[in-house]
Amino acid sequence: MKINTRKFGEIDIDEKNILTMPEGLPGFPDFERFVLIEDPKTAPFCWFQSIETPNLSLVVMNPLVFKPDYQLDMKTLIDGRDWQGAKQEELLIFVVINIKEGDPKNKITANLMGPLIFNLEQNEVVQIALCDSDYSHQFDVLEAISNMKNG
Amino acid sequence: MLVLSRKLKEEILIGKNIRITVLDIEGGSVKIGIKAPKDISILRMEVVEKIQNENIASASKELDVISAAADLLKKTLSKESKD
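Read top to bottom, the protein sequences are chains V and Z.
Residue numbering for the first sequence follows our numbering, beginning at 123 and increasing consecutively.
Residue numbering for the second sequence follows our numbering, beginning at 2 and increasing consecutively.
Keep in mind the hints are simulated off the structure, nothing from the lab.
Watch out, some of these pointers could steer you wrong.
Stated by the list, open to error - If you want a taste of the chain Z side facing chain V, the calculated C-beta under 8 Å gives, among others:
(1) MET46
(2) VAL49
(3) ILE67
(4) LEU74
(5) LEU78
Said to hold, decoys possible - Now the stretches of chain V that chain Z is said to cover, found in silico as 3 or more residues with beta-carbon under 8 Å:
(6) 134-141
(7) 219-229
(8) 233-239
(9) 247-260
Positions of the beta carbon are idealized from the N, C-alpha and C atoms, including for glycine.
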């Protein structure tokens, strides 16, 4: 199936890869159907692209790349929704990435407080809020990577 | 918006199974107890707004800014693994 995207033009997607957000995407309540796009030119970032409007795509990435100890209470997550068949190891976690223009250099931030959880078996994605954790919605990615080696 | 006044320990029932209790009032802060089915999400509004705003900001970034950031990230990652 072909979809139109502002950033990548017209692209071909497999309908089997279409993901729905049964609880919606915070900030964009009218849109529920997305695909995850991996573009080698912008790796390790991935794109969470809406198939309903070409203009909507979020930058996301795997948080374990810069925060290997990032952990969620997966059991509560699975129990709280209709994901009884899901195994914790089969759920993928991505976080939303932002770039803050700054001096002397740009900051890359990750929203660790509101991760996107992908249930690939049911082709569903939810964005959850970790309100009781210390995780920041604007976690400094580059600083964390520098500290990984030096710390 | 429905506006109700409650005293300490008084309660509110929303629908059939959401129950709100005023547990404590101290200074400018109210401690609120909420009993609701586990499939109903209950979040502080600031948390919801932060998540919404990060989504909106991420969606508004231009491809060239993101490509430059991806290159910077790749460089930083490979620098750290060479040490």
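We went through each hint and held it up to the structure:
The interface hint given for MET46(Z) is violated, since its Cβ lies 11 Å from the closest Cβ of chain V, which is over the 8 Å cut-off. Interface restraint check for VAL49(Z): the shortest CB-CB distance to chain V comes to about 7 Å, inside 8 Å, so the restraint holds. About 6 Å separates the beta-carbon of ILE67(Z) from the nearest beta-carbon of chain V, less than 8 Å, and the hint is met. With 8 Å as the threshold, the beta carbon of LEU74(Z) comes within range of chain V, its nearest partner Cβ sitting at about 6 Å, so the hint holds.
Given the 8 Å rule on beta carbons, the hint for LEU78(Z) holds: about 6 Å separates it from the nearest Cβ of chain V. Beta-carbon proximity to chain Z at under 8 Å applies to 0 residues in the segment 134-141 of chain V; the threshold of 3 is not reached and the given coverage is violated. By the rule of at least three residues with a Cβ nearer than 8 Å to a Cβ of chain Z, the coverage given for the segment 219-229 of chain V holds, with 6 such residues. With a cut-off of 8 Å between beta carbons, the segment 233-239 of chain V has 3 residues touching chain Z; three or more are needed, and the interface restraint holds.
Residues of the segment 247-260 of chain V with a Cβ under 8 Å from some Cβ of chain Z number 5, which satisfies the need for three, so the listed coverage holds.
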